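Undergrad: What follows is each chain in one-letter form.
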Amino acid sequence: MSNAGEWLRGEGPHHQIVVSSRVRLARNLRDRAFPGWAKKAERTAILELIKPHVEKLPEMQDSFSELLQDLSALEKQVLVERHLISREHAAKSAGSAVVMNRRQTLSIMINEEDHLRMQSMRSGLQLKQAFKLLDKIDTALENELEFAYDQRLGYLTACPTNVGTGMRASAMLHLPGLVLSELINQVVQAVSKIGLAVRGLYGEGTEAMGNLFQISNQTTLGEKEDEIIARLTKVIETIIDKEHDARQVLIQKKSNTLWDQIGRAYGVLTYAHAMSSKEALNLLSIIKLGIDLGAFPEEKRLPIDELFIDTQPAHLQKTSQQKLNAEERDHLRAQIIRARLKVLPKPDISKLATDSGNGSRPASSEQ
Amino acid sequence: MLCDVCKCNDATVFLTQIIEGKMQKVNLCDACSKEKGVQDPTGFALADLLLGIGAAEEIEKGSPTQRCPVCGFTQADFKKTGRLGCSTCYATFTEALTALLKAMHKGTAHVGKVPERAHRAGELSDKMRNLSESLQKAVAEENYETAASLRDQIKQLESELAG
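As given, the protein sequences belong to chains A and B, one line each in that order.
In terms of this note's numbering, the first sequence opens at residue 1 and continues consecutively.
In terms of this note's numbering, the second sequence opens at residue 1 and continues consecutively.
Just to be clear, a hint being listed does not mean it is correct.
Unchecked claim - Only pairs whose alpha carbons sit at most 25 Å apart, straight line, appear in this in silico SDA-like list of lysine to any residue:
id	chain 1	residue 1	chain 2	residue 2
1	B	Lys80	B	Asp30
2	B	Lys127	A	Lys346
3	A	Lys40	B	Asp30
4	A	Lys346	A	Arg264
5	A	Lys128	A	Pro13
6	B	Lys106	A	Arg168
Hints were generated in silico from the structure; no laboratory data involved.
As the structure is a prediction and not an experimental result, all values here were calculated from the model.
Bound-form chain A, shown alone (with noise of 0.2 Å):
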């Protein structure tokens, strides 16, 4: 567990915008009542009935498996950083467990919301083999474990808003593009039309930090899985378009203003001494578009990705081994940075290509 997940070592298709690919479904057992509900020995009981079966899967032979009480704030933390378990998952503790691969590929939670939450994670877009991949877990488990289906409403699950299929596909994109020209609101409005959720991955409001966007399916009544995830996955290759036009507008009509950003981003991030966790996704995701265009060699991708996650909260802390209070978050976190940061050269604006990679369309002179 001292590595973050495979899903960030970027190699799956579209992976300079789409950072990571999630698909997760909430299945419940029969006439038990959901843990939200359940009395401390009935939620227990559940765990040990569930448990066994989850970490026999095939898929979990090499596999971590925690109880919730076991672990401490500063681990629950971490796997919320590491989007291995969910904030409300982090709240519980007697009766509710995590079962995770080592590969950080495949998480189960027992007792969140729902009995089972399963969640399969991939790099890239692919949202279709995460799914592929539940799927047969789904399938393995239901073998063993009777759970609540309805003919009518099909899957039951404590929160009405995931009844039917009881799936949430998402994925995670970065959009500096359409953020620095502007256009993300537009975006954001039309995907909300066609009932997709958009919101920004880290923090509240407005303020999409790192420019990092969640886009995931916002029913689940009605339409079959393979449906919704081939929807979602032409509105994001739709977004993905997007983002490389409005790159390419920004290389060809304001190359001024990208290459200061970049140059600024490059010049804090190497000297600064200390650094909020919102400062840094901000300026990382500058860094990140610099690689994509060709200003940073493409070898250092990794070393900043992993910035992303090594410079939250929790993961400083674990770092540190000592609990740091904001201010001393902020030395750590700059002084990681700064370190990371000395095998990046200088960026090369002769290298600021004028082709964004991998997918990109000439863009229209029209926007």
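Please arrange chain B on chain A, whose structure you already have, making use of the hints.
TA: Relative to chain A, chain B alone:
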């Protein structure tokens, strides 16, 4: 006018959403609108908010004291938490939930994955329905030999379903 969420402060933020001709209104006080992220045009999902308030309205349809026979959950509990008690609650509170689900989702019936167990049960019940219809027809046509055979098949199927 009071805030729809906390029901104690005066509402200062008034939201209207029209989806497919259906108009929904929410009135919020300053504190609740901030808490729900209303001032944020990107992260705010009116649907999430309406789920809570809509649930409160829809739920009035049933009796508030009705209890789920399996888990003892009541409609008042749903109103409070927005979550149900167990899978049987969907049948217990079906009246209140139907409109809510309709407003929330793309369709009203599940069309996705069917677990193998439910699939088998579904096939058997389809078969049973066909046999019963054939039996009635045979009796009406006074075709007693066919009727007798159909009756035997139904008995056989009943024992399969019971097993």
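Undergrad: Output the indices of the hints that this structure fails to meet, ascending.
TA: 2, 3
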